[in-house]
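Peer 1: Sequence:
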Amino acid sequence: MELSTRYTPSEIEERWYAHWEGRGYFRSVPDEREPFSIVIPPPNVTGVLHMGHMLNNTIQDILIRKARLDGKNACWVPGTDHASIATEAKVVHWLREEKKLRKVDLTREAFMDYAYQWKDKYGGIILHQLRKLGASCDWDRTAFTMDKGYYDDVIQVFIDLYKKDKLYRGLRMVNWDPEAKTVLSNEEVIYGEENAQLYHIQYKGVDGSAGVTIATQRPETIFADVAIAVNPKDPRYTSLVGKQVLIPLIDRAIPVIADDYVDIEFGTGALKITPAHDPNDYEVGQRHKLDVIDTIADDGKLNDKCTFLPIVGLDRFEARKQMRGFLEGCESLVKIEDYMTNIGRSERTNAVVEPKLSLQWFVKMTDLGAPALKAVIDEEVKFYPPHFQNLYRNWMENLRDWCISRQLWWGQQIPAWYLKSEGLSQETHVFVAANADEALLKAKEATGNNQLTLNDLRQDEDVLDTWASSWLWPISVFDGFKKPDGEVSYYYPTNVLVTGWDIIFFWVARMIMAGYEFRGEKPFKAVYFTGMVRDKQRRKMSKSLGNSPDALQLLEDFGADGVRYGLMSSAAAGGDILFDDKLCENGRNFCNKLWNALRLVKGWSVPPPGPLIRGGERISSGISPSEEARTSPTQMEGERSSLVLSESDEARTSLPLMGGQGGAKNALAIHWINHKFQQTLTQIESDFEQFRLSEALLGLYSFIWDDFCAWYLEMVKPGYEQPIDQETYEATIDIYSRIMVALHPFMPFVTEEIWHQLRARTEGDDVCVQKYPKAVAFDLALITQVESAKTIITGIREVRNQNQVKPRDPLAITVQDSETARALFAQEGFREMLMKMAVLESLELSGEEPANAKSFISGTDKFFVALNQTIDVAAERKKITEELEYQRGFIRSIEGKLSNERFVASAPAAVVDNERKKLADGLARVQMLEESLSKL
RNA sequence: GGGCGCAUAACUCAGUUGGUUCAGAGUGGCUGCCUUACAAGCAGCAAGUCGGAGGUUCGAGUCCUUCUGUGCCCA
Numbered sequence: 001m002e003l004s005t006r007y008t009p010s011e012i013e014e015r016w017y018a019h020w021e022g023r024g025y026f027r028s029v030p031d032e033r034e035p036f037s038i039v040i041p042p043p044n045v046t047g048v049l050h051m052g053h054m055l056n057n058t059i060q061d062i063l064i065r066k067a068r069l070d071g072k073n074a075c076w077v078p079g080t081d082h083a084s085i086a087t088e089a090k091v092v093h094w095l096r097e098e099k100k101l102r103k104v105d106l107t108r109e110a111f112m113d114y115a116y117q118w119k120d121k122y123g124g125i126i127l128h129q130l131r132k133l134g135a136s137c138d139w140d141r142t143a144f145t146m147d148k149g150y151y152d153d154v155i156q157v158f159i160d161l162y163k164k165d166k167l168y169r170g171l172r173m174v175n176w177d178p179e180a181k182t183v184l185s186n187e188e189v190i191y192g193e194e195n196a197q198l199y200h201i202q203y204k205g206v207d208g209s210a211g212v213t214i215a216t217q218r219p220e221t222i223f224a225d226v227a228i229a230v231n232p233k234d235p236r237y238t239s240l241v242g243k244q245v246l247i248p249l250i251d252r253a254i255p256v257i258a259d260d261y262v263d264i265e266f267g268t269g270a271l272k273i274t275p276a277h278d279p280n281d282y283e284v285g286q287r288h289k290l291d292v293i294d295t296i297a298d299d300g301k302l303n304d305k306c307t308f309l310p311i312v313g314l315d316r317f318e319a320r321k322q323m324r325g326f327l328e329g330c331e332s333l334v335k336i337e338d339y340m341t342n343i344g345r346s347e348r349t350n351a352v353v354e355p356k357l358s359l360q361w362f363v364k365m366t367d368l369g370a371p372a373l374k375a376v377i378d379e380e381v382k383f384y385p386p387h388f389q390n391l392y393r394n395w396m397e398n399l400r401d402w403c404i405s406r407q408l409w410w411g412q413q414i415p416a417w418y419l420k421s422e423g424l425s426q427e428t429h430v431f432v433a434a435n436a437d438e439a440l441l442k443a444k445e446a447t448g449n450n451q452l453t454l455n456d457l458r459q460d461e462d463v464l465d466t467w468a469s470s471w472l473w474p475i476s477v478f479d480g481f482k483k484p485d486g487e488v489s490y491y492y493p494t495n496v497l498v499t500g501w502d503i504i505f506f507w508v509a510r511m512i513m514a515g516y517e518f519r520g521e522k523p524f525k526a527v528y529f530t531g532m533v534r535d536k537q538r539r540k541m542s543k544s545l546g547n548s549p550d551a552l553q554l555l556e557d558f559g560a561d562g563v564r565y566g567l568m569s570s571a572a573a574g575g576d577i578l579f580d581d582k583l584c585e586n587g588r589n590f591c592n593k594l595w596n597a598l599r600l601v602k603g604w605s606v607p608p609p610g611p612l613i614r615g616g617e618r619i620s621s622g623i624s625p626s627e628e629a630r631t632s633p634t635q636m637e638g639e640r641s642s643l644v645l646s647e648s649d650e651a652r653t654s655l656p657l658m659g660g661q662g663g664a665k666n667a668l669a670i671h672w673i674n675h676k677f678q679q680t681l682t683q684i685e686s687d688f689e690q691f692r693l694s695e696a697l698l699g700l701y702s703f704i705w706d707d708f709c710a711w712y713l714e715m716v717k718p719g720y721e722q723p724i725d726q727e728t729y730e731a732t733i734d735i736y737s738r739i740m741v742a743l744h745p746f747m748p749f750v751t752e753e754i755w756h757q758l759r760a761r762t763e764g765d766d767v768c769v770q771k772y773p774k775a776v777a778f779d780l781a782l783i784t785q786v787e788s789a790k791t792i793i794t795g796i797r798e799v800r801n802q803n804q805v806k807p808r809d810p811l812a813i814t815v816q817d818s819e820t821a822r823a824l825f826a827q828e829g830f831r832e833m834l835m836k837m838a839v840l841e842s843l844e845l846s847g848e849e850p851a852n853a854k855s856f857i858s859g860t861d862k863f864f865v866a867l868n869q870t871i872d873v874a875a876e877r878k879k880i881t882e883e884l885e886y887q888r889g890f891i892r893s894i895e896g897k898l899s900n901e902r903f904v905a906s907a908p909a910a911v912v913d914n915e916r917k918k919l920a921d922g923l924a925r926v927q928m929l930e931e932s933l934s935k936l
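Counted the way the working numbering counts, the first sequence spans residues 1 to 936.
Here are the simulated lysine-lysine pairs, DSS-like style, with alpha carbons at most 30 Å apart:
#  : residue 1 : residue 2
1  : K382      : K771
2  : K364      : K164
3  : K483      : K164
4  : K897      : K918
5  : K717      : K602
6  : K420      : K164
7  : K717      : K790
8  : K483      : K364
9  : K100      : K121
10 : K233      : K335
11 : K243      : K204
12 : K854      : K836
13 : K103      : K305
14 : K204      : K233
15 : K90       : K148
16 : K364      : K166
17 : K482      : K382
18 : K364      : K444
19 : K806      : K836
20 : K602      : K836
21 : K917      : K935
22 : K132      : K121
23 : K119      : K90
24 : K593      : K790
25 : K771      : K717
26 : K166      : K148
Pairwise CB distance ranges (calculated):
#  : residue 1 : residue 2 : range
27 : E34       : E97       : 47 to 57 Å
28 : E32       : N342      : 49 to 59 Å
29 : D160      : Y116      : 18 to 28 Å
30 : S686      : R15       : 27 to 37 Å
31 : F890      : L936      : 16 to 26 Å
32 : S686      : I377      : 23 to 33 Å
33 : N342      : P386      : 28 to 38 Å
34 : D299      : D160      : 29 to 39 Å
35 : D160      : P386      : 32 to 42 Å
Hints listed in this document are in silico derivations from the structure and should not be mistaken for laboratory results.
All of these numbers come straight from a predicted model, not from anything done at the bench.
By construction, the Cβ of each residue, glycine as well, lies at the ideal position given by its N, Cα and C atoms.
Whenever a hint applies, use it, and build me the whole structure from the sequences.
Peer 2: Next up, the structure:
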């Protein structure tokens, strides 16, 4: 079969994904195996796949696929978050555009019907997009934070917390989003430096004196002022404290008070106190028992409490503009100065947040926080990278109560009912219950009035903060609230959470709290924090900047494996990644490399069983192999070669080295690549344990590209139109297959395809469900030996390059006879390997230094490359002299170390021995260089 | 103001408990190759006082102090 020179991912990916899913490989049910579970950070149900998702989910998929290959019961639970504000906004927009309906004209029930319709039609697109990435989620478990069961869990938790007195309703200063007309949690407010103006306004004294000048950036709120505050230590104002001043334009008298909160340095040192519109002013107001005058309505417009009619009904920003004229008109405006300040904006709508006094539901955080903080400090829950502990601790030690009510419809409606009757304060008549009937029972009980009906009750209009549902995610997706002893006890705690550090407070911390509060146990053993994906200019990728590449287009252009490679190759845990298409290009090229290695191997012809063919050519030389190549073991028809026959890696690497059908060279190459693979696997195992996924991938990449393709395949590759021996062929297919398993977690599609191209496989023999190769002990000496061969070959190639000798022109090499050289060449296959890889016509070991040759040193051996050209003696002399300088310096530094008694006495013996060896090698090299120099 | 990071080649970044020839990778650059798997490729090469200064140590890119620059979080 002809294979294209390029790997074409598109149809291959679709086919394999369907195959995996069809065979139920991603399905997990509890069994006797060790579980390995991950719950997906649920993307917004409105979301579409972006770079952050791809990074995040690639990491999860790698971990899940690795666990699956390791024989664990891997379970990855997918799902979406109802994202109350974002989704409600989309639904409102959709109703307006498509249905010509306004939210205000709809009943709550009708709106919710439409919202669910919208969700079913447009929601969860992202889950389908994740399939294109290769995400091996158990789709049968797809969860949604507004599913009936999930909804009920959220309600039950609310009731539970209320019963435990960890939840209360109270009047507090909150962050109000006038655009979405809802309250926001502190975490939903984004602060940024913005240009603003500071208005210096004079408040005249009631006694006709000059009074005081204050500085404010919000002149439109002066009508809500209830006092002027100064610092008690401020000598400028001591005489004023206790006096009354007049608010400009309306001439309402307010007192001047003293409070430590006031910063003497800032502005004029006098501060207007507006408890309704500033959290700090609210605190001051509380301390001094001042009134609260709320002059701004829910929509951000000024209300009639201003008592200054010209600006009533104006938006707060418009009012601010007009205030300038009004203040100038009454000669109260002293000056306006520009300054930079932090402005808080709504994460969702970008509207400037309005501090507002409001009656909301809060979760008490102190009790919840303590075990959650301890868990992380004690590394019960381990953070990767660990420094996020500090960020977490910083926040957890300064917890404020969590405002969980939102003035929206899309979400879990707060299960609290109030008695409608006038005159009763809502606070004293709140009934928290699972449903209206229960609430009614409670109401009757509490009031002693059995005549009450459902009509007398009113349910709280608000819904819960989205995070007040997603903090239950790791428990609820396993139905852990209703069946605490069910499968949740198998999967929980989950193994690892993979998420961006930007939601460490929103979500991670709260999940840990919920875990301990509702199950008495952590929700996950480890948290892997991903960095942010940024563009080349280091900007965060965002829709508004338009700098985020289209995720689907990337998958289309480079293939899922290519994109996965691109994201992972530069994604150390916690570090931001500067995304560049180039990275995906590397990934695509890597797929292509793998593909072409396949083409090479598939192109080999294997002769039918019969007389053995000796693959390694023997060229007579002065070197005699340590012993005659042993013949390969007798083989049964159809049995795999001795070099590959065993299923266990242990046996594979402990085989004696001997020449097989492919000769000593191929035998050496096969052994070497197998041992090198073990070495790579050992590293990968440790990388995985520490979540060093990027290192694991790069390790595999260089093993495959350099060791396997550039060296191994070139070593065993037969000559043009030559067949390959059975043994080498089998060994190659075998190692190639195992490499595909090792790479599969990172690049699932291309590895599955190649796995099937390499051999005819029986139904169900898929790479996706193999056993991950287990690292066993490897022979470092053997690896080092072949490394020396590589160094020598590179040395010869360099001489070639420098002297314009064509790669295909055979060269004659002389090796300076020495003990070390003899030892090297005693290795069977070593010489043949050099002959082939360096393209040599002869290789002699000799005591004589050949004339007219270029020399180089590798290790402590000296090689002469015969050239049919005159040697530039001066240039050669210069080169050798430079090298000599370097080597002498090298020796001096080692001698320095070794002559230091304290070094010799305190450093470990191995280190000292190694220094001695380095010194001896250095001296040998110096001697050789000096010889060369004298002969020139 | 409090806290947390980062600074290594032209660029983007690795570098694990301090110790092998440890100063690395990829990209870019340079030289030469259309070599029968791959030009999305092959062979080779050059570039760094590991931000500055001090300290601990037999030994520091790695640990400590400090300075400078820079980014982020919280207030």
